[in-house]
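Chains A and B, in that order, give the protein sequences. Per the working numbering, the first sequence runs over residues 1 to 437. Per the working numbering, the second sequence runs over residues 1 to 437.
Careful: at least some of the hints might be erroneous.
Copies of the same chain look alike in the list, so a pair counts if it works inside one copy or between any two.
[Said to hold, decoys possible] As a list, the in silico BS3-like pairs of lysine-lysine whose alpha-carbon atoms are at most 27 Å apart:
{"id": "1", "residue 1": "257", "residue 2": "191"}
{"id": "2", "residue 1": "17", "residue 2": "352"}
{"id": "3", "residue 1": "254", "residue 2": "17"}
{"id": "4", "residue 1": "17", "residue 2": "422"}
{"id": "5", "residue 1": "34", "residue 2": "191"}
{"id": "6", "residue 1": "133", "residue 2": "409"}
{"id": "7", "residue 1": "283", "residue 2": "31"}
{"id": "8", "residue 1": "422", "residue 2": "19"}
{"id": "9", "residue 1": "188", "residue 2": "257"}
If you are wondering where the hints come from, they were derived from the structure by calculation, not from laboratory data. This structure is a prediction, so every number in the text was calculated from the model and none was measured.
There are 2 protein chains.
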Amino acid sequence: MSRILFRNARVLTVTPKVKIRREDLLVDGNKIAKTGKKLKVEADRVIDCQGNVLMPGFKNGHAHSAMSFARSCSDGYRLWDWLNKVIFPMEARLRPGDIRELSKVSFLEYLTSGITSCFDMYLEPHEQTQAAKDFGMRSVVLLQPAGHPERYDQYRHEFLNGHMADGLVTYQLGFHAEYTVNYPELEKTSKLAHEYRLPVFCHSNETYRDVNSCIDRNRSLRPIEFLDGLGMFDYGGGIFHGVHLSENEQYILKTRKVGIITNPASNCKLASGIAHVEYYLEKGIKVGLGTDGPGSNNALDMFREMYLVTALQKIQTNDPTALDALTVLQMATCNSAQIMGLSACDDLQEGKLADIVMIDLNRPSMQPINDIARNIVYAGGKDCVKMTMIDGNILYMDGKFYTKEEPSKIYSKAQEITSRLKREVRTAAYLPTRIIK
Amino acid sequence: MSRILFRNARVLTVTPKVKIRREDLLVDGNKIAKTGKKLKVEADRVIDCQGNVLMPGFKNGHAHSAMSFARSCSDGYRLWDWLNKVIFPMEARLRPGDIRELSKVSFLEYLTSGITSCFDMYLEPHEQTQAAKDFGMRSVVLLQPAGHPERYDQYRHEFLNGHMADGLVTYQLGFHAEYTVNYPELEKTSKLAHEYRLPVFCHSNETYRDVNSCIDRNRSLRPIEFLDGLGMFDYGGGIFHGVHLSENEQYILKTRKVGIITNPASNCKLASGIAHVEYYLEKGIKVGLGTDGPGSNNALDMFREMYLVTALQKIQTNDPTALDALTVLQMATCNSAQIMGLSACDDLQEGKLADIVMIDLNRPSMQPINDIARNIVYAGGKDCVKMTMIDGNILYMDGKFYTKEEPSKIYSKAQEITSRLKREVRTAAYLPTRIIK
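Based on the provided sequences and hints, a complete structural model is requested.
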């Protein structure tokens with residue numbers, strides 16, 4: 001187990017408030033062993049931070065990492081068309097191993113943006129897990145048995161029965177969305193949640209259309225009302241998006257301790273709307289930040305999301321003081337972490353997991369120095385990420401990747417898969433060829 | 001005069017349409033000498049692009065480069081409070097030489113974002129010019145005689161009488177805004193414009209408040225109606241922001257060939273509103289992109305502006321097909337250039353000035369390759385800028401600066417000035433201390 005000592009850092013912590021202290025920080029194995037002024041400790045490696053910032057890694061609260069194949073593949077669709085005309089036909093042609101390879105392109109991008117973990121919702125938990133372990137990415141993999149009857153028993157046996165954490169990878173229970181999963185399957189998911197007292201996670205209230213379709217199908221109940229009626233959130237959980245939520249739905253989320261992961265870039269690009277983030281926070285609902293997938297964003301950049309979420313609140317409320325930047329910094333770190341069940345790495349404190357980012361204050365956007373924490377939100381970008389450490393391992397530094405697999409290999413495998421998917425969809429008779437670029 | 005040959009590039013051109021060709025490109029001195037497949041030419045330096053993109057540098061159509069002192073200095077104000085309580089008091093304490101030094105921090109950031117020229121509106125044209133020449137930044141400096149009676153003659157003599165271009169630096173005529181300049185001074189500016197048949201540039205229609213204050217003061221005329229009544233735009237020009245424009249004002253702008261520089265990040269952060277960019281373009285008004293100053297943005301990042309302008313149009317019109325990414329790419333390059341009077345570097349063609357950016361397709365956000373041009377808009381960021389060349393000189397490559405002055409020197413001078421300004425404003429009795437962080 002190696003010990004890395006960071007000297008002369010500005011250590012930025014986010015709980016209970018955002019603070020910056022001039023300190024040293026010692027990583028021992030995969031944990032933060034000590035922080036303090038001029039630490040007198042032995043270490044295998046000493047890194048002089050030269051006054052640069054060490055902060056908790058960003059937690060990407062909502063991701064579909066394997067969807068790198070869909071990046072700039074077909075921009076300019078509404079959510080439902082985009083799903084049905086582009087995404088679902090391509091996904092139907094994924095082969096075993098594809099998801100494992102495609103995920104790694106996104107993992108590389110997470111490193112460039114200081115993202116040290118992702119809440120990954122996709123089709124094959126085993127492949128997602130394998131990708132994360134191969135790569136060294138901290139990943140929360142969502143288990144979605146709905147639609148696959150055999151998976152209820154399988155997941156119960158494999159993951160739920162005392163094996164919910166597997167080193168870098170942990171698991172949560174959930175389903176895609178109310179509008180894609182039928183009633184009996186939702187009931188079965190809820191039953192499983194009760195059996196193991198598990199929180200549940202899903203897409204919800206992303207567009208007016210999904211809300212209204214639920215109202216039409218379910219005796220005038222809105223999605224959160226309907227799902228809560230199934231006892232879905234009896235042990236908490238979280239929803240992804242939550243753009244259009246009624247007062248009553250917000251009340252249910254607050255009461256059931258269900259968090260919201262907001263995805264401002266994706267919600268803009270698909271014209272889904274602007275989530276009322278500031279209202280949610282005022283009501284005591286925990287709100288975290290996510291990028292959504294590379295097909296609907298298209299970048300996986302927490303700096304983009306941080307700027308957007310505060311900029312959009314200012315526009316929506318016509319108030320430039322809306323959603324202070326320090327709250328945004330917490331959304332992208334500790335709030336997301338806590339919703340994801342990753343409290344063990346939600347901040348930089350002794351005993352926490354060593355998921356750490358170094359922000360380079362010598363980039364022009366960080367100069368001159370006035371208010372470092374707010375400036376990271378308002379002016380930061382990928383070029384300010386000097387180092388990304390996950391679980392005590394430096395995987396990215398000074399623009400270079402220190403991953404087991406070379407980026408060029410990851411790219412070429414992903415390109416091969418993507419080209420094949422596009423070719424197969426284009427040649428399928430029932431699809432107009434123009435939709436896939 | 002050195003000759004640089006770029007081999008194996010994807011050359012992205014933007015006029016009349018966005019196109020990508022696999023070509024070589026030869027720079028001779030400060031111009032693009034030749035493009036074509038496998039050029040057989042001599043060169044002093046050969047750069048193998050390995051399939052990466054060469055594209056025209058971004059043109060920052062609206063900037064206050066010297067305002068780096070105000071970055072994250074006081075976030076969370078409305079435009080008018082921000083100007084009167086924070087910015088004007090600090091500006092009043094600027095000393096000779098400060099503007100020259102402060103500008104260079106922004107110039108460094110432009111390089112990191114592939115911005116090769118800026119339309120710089122600030123207080124001291126001589127210092128702005130000196131900064132651009134010292135640094136090697138292509139700069140359009142706005143001459144604003146209004147409020148300084150002696151400057152009308154000085155500018156007429158120095159700049160207007162046949163000396164409007166000075167190598168890297170060119171000049172344009174303008175004024176701050178209708179709401180900060182009195183009637184006689186506006187008349188004098190318009191007279192000067194007529195004398196030399198010059199386009200005129202100014203802030204306009206940024207907030208409801210500036211529009212309404214104009215209506216109150218000027219016989220119910222809106223800003224563009226009022227200014228046009230003074231003959232201000234008889235030779236064209238441009239307005240910065242243009243968030244709130246009536247149909248009649250849009251008609252005037254179109255008729256007078258006045259462009260609009262939109263600044264989406266600044267307009268969000270100050271809660272000014274969302275410009276109806278797509279309507280303006282449909283009406284045939286030329287719209288370019290700008291960052292505004294580092295105090296109100298706070299980043300100087302054309303990738304941020306490109307993403308925001310299209311994302312906000314999609315939200316505003318509730319249509320994910322609004323404002324196609326290829327149009328956005330033109331806004332950030334040739335449209336801005338043409339409004340700024342920089343047609344000589346609006347695209348990558350033989351004979352044009354060599355203001356060139358190389359986009360690194362080997363960054364994860366650019367992978368896999370599906371639609372390169374749109375992906376630059378939707379997923380690009382500063383970390384994708386592999387090289388920035390201005391006037392034939394490579395000033396930035398692989399994250400390193402090749403400027404005459406070391407970034408560390410530029411930073412320390414700017415920090416010294418900024419700290420002094422904050423100290424002086426804090427100790428001024430009439431200002432509450434809390435407003436400057």
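Evaluated hints:
For the identical chains of this complex, residue 257 and residue 191 are intra-copy neighbours only, at 19 Å inside a copy versus 66 Å across copies, given an alpha-carbon limit of 27 Å. Taking the shortest Cα distances, residue 17 and residue 352 sit within 27 Å of each other inside one copy (17 Å), while across copies they are farther apart (53 Å). In this assembly of identical chains, the alpha carbons of residue 254 and residue 17 lie at most 27 Å apart only when taken from the same copy (22 Å versus 51 Å across copies). With identical chains, the CA atoms of residue 17 and residue 422 are at most 27 Å apart between copies only, with a shortest distance of 25 Å across copies and 47 Å within one.
For the identical chains of this complex, residue 34 and residue 191 are neighbours neither inside a copy (43 Å) nor across copies (69 Å), given an alpha-carbon limit of 27 Å. In this homomeric assembly, residue 133 and residue 409 come within 27 Å of each other (Cα to Cα) only inside a single copy, at 17 Å, whereas the closest approach across copies is 44 Å. Within a single copy, residue 283 and residue 31 get their C-alpha atoms no closer than 34 Å, and across copies no closer than 59 Å, so neither meets the 27 Å cut-off. For the homomeric pair residue 422 and residue 19, the shortest alpha-carbon distance between copies (22 Å) is at most 27 Å, but the shortest distance inside one copy (48 Å) is not.
In the homo-oligomer, the alpha carbons of residue 188 and residue 257 lie at most 27 Å apart inside one protomer (21 Å), although the nearest pairing across protomers, at 64 Å, exceeds that limit.
The earlier numbered hints that this structure contradicts are 5, 7.
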